[in-house]
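Once you've looked at the hints, dock chain B against the given chain A.
Chains as they are written, first to last, in the working numbering: chain A, 1 to 114; chain B, 115 to 225.
No lab work stands behind these hints: they were computed from the structure.
Even glycine gets a Cβ: it sits at the ideal position worked out from N, Cα and C.
Some hints here could point you the wrong way.
Partial selection, computed: residues in chain B whose CB lies under 7 Å from chain A [unchecked claim]:
no. : residue
1   : Gly123
2   : Pro124
3   : Phe189
4   : Ala210
5   : Phe215
Okay, here's what each chain looks like letter by letter:
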Amino acid sequence: GAVVSQHPSRVICKSGTSVKIECRSLDFQATTMFWYRQFPKQSLMLMATSNEGSKATYEQGVEKDKFLINHASLTLSTLTVTSAHPEDSSFYICSASKTGEKLFFGSGTQLSVL
Amino acid sequence: QKEVEQDPGPLSVPEGAIVSLNCTYSNSAFQYFMWYRQYSRKGPELLMYTYSSGNKEDGRFTAQVDKSSKYISLFIRDSQPSDSATYLCAMSEQGAQKLVFGQGTRLTINP
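Next comes chain A alone, as it looks inside the complex (with noise of 0.2 Å):
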């Protein structure tokens, strides 16, 4: 399968900073990421699509002023929680489609906010 690399793997940190988390496809160009959020014991919910060279598309509900959604290149999407605050800790999964059929997961980033 494909493979798509999400760093950190974890973080800590105070409120009101920002975080920016990182996903990369390495061994194929995506130009669709999708960024999912999972609080414990629950599934995964979308947060948005990120389309390279074009806006994110944001789900219902998701604060697109939160949560910046960068695509700068065909392997790199960025997600950016700005002004975290403790509600906002959670699992956040990157995925990557390399067909437009199979979708793969990073390794999550679990972020805590303090």
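Showing chain B alone in chain A's frame:
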């Protein structure tokens, strides 16, 4: 009603048993069906991928899709302790676009 329903378990079975996991869904437009395995604090790993109805087998894993009943299943034969994980079903109308996930079933295989 959730678009995809999956019993969260937990499900505990002895090593060597056949495991049956399943999901039901309400959207008849779903065409792509997937099963993912997720270990704690890790990203989901794609196990099985099926387009439309039918069966698919890969080693000890068999995926079944019954679109008429809006029901999908994953069978694990000769289960191993290393199979202990959360199994998530996922489906979509357009391949990798807008996947909808089930809640996930926590599975434990006891040695």
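Here is what the structure says about each hint:
1. Gly123: At about 10 Å, which exceeds the 7 Å cut-off, the nearest Cβ of chain A leaves the hint on Gly123(B) violated.
2. Pro124: Constraint on Pro124(B) not satisfied, violated at 10 Å.
3. Phe189: violated (20 Å)
4. Ala210: holds (4 Å)
5. Phe215: This interface hint holds because 4 Å falls under the 7 Å limit.
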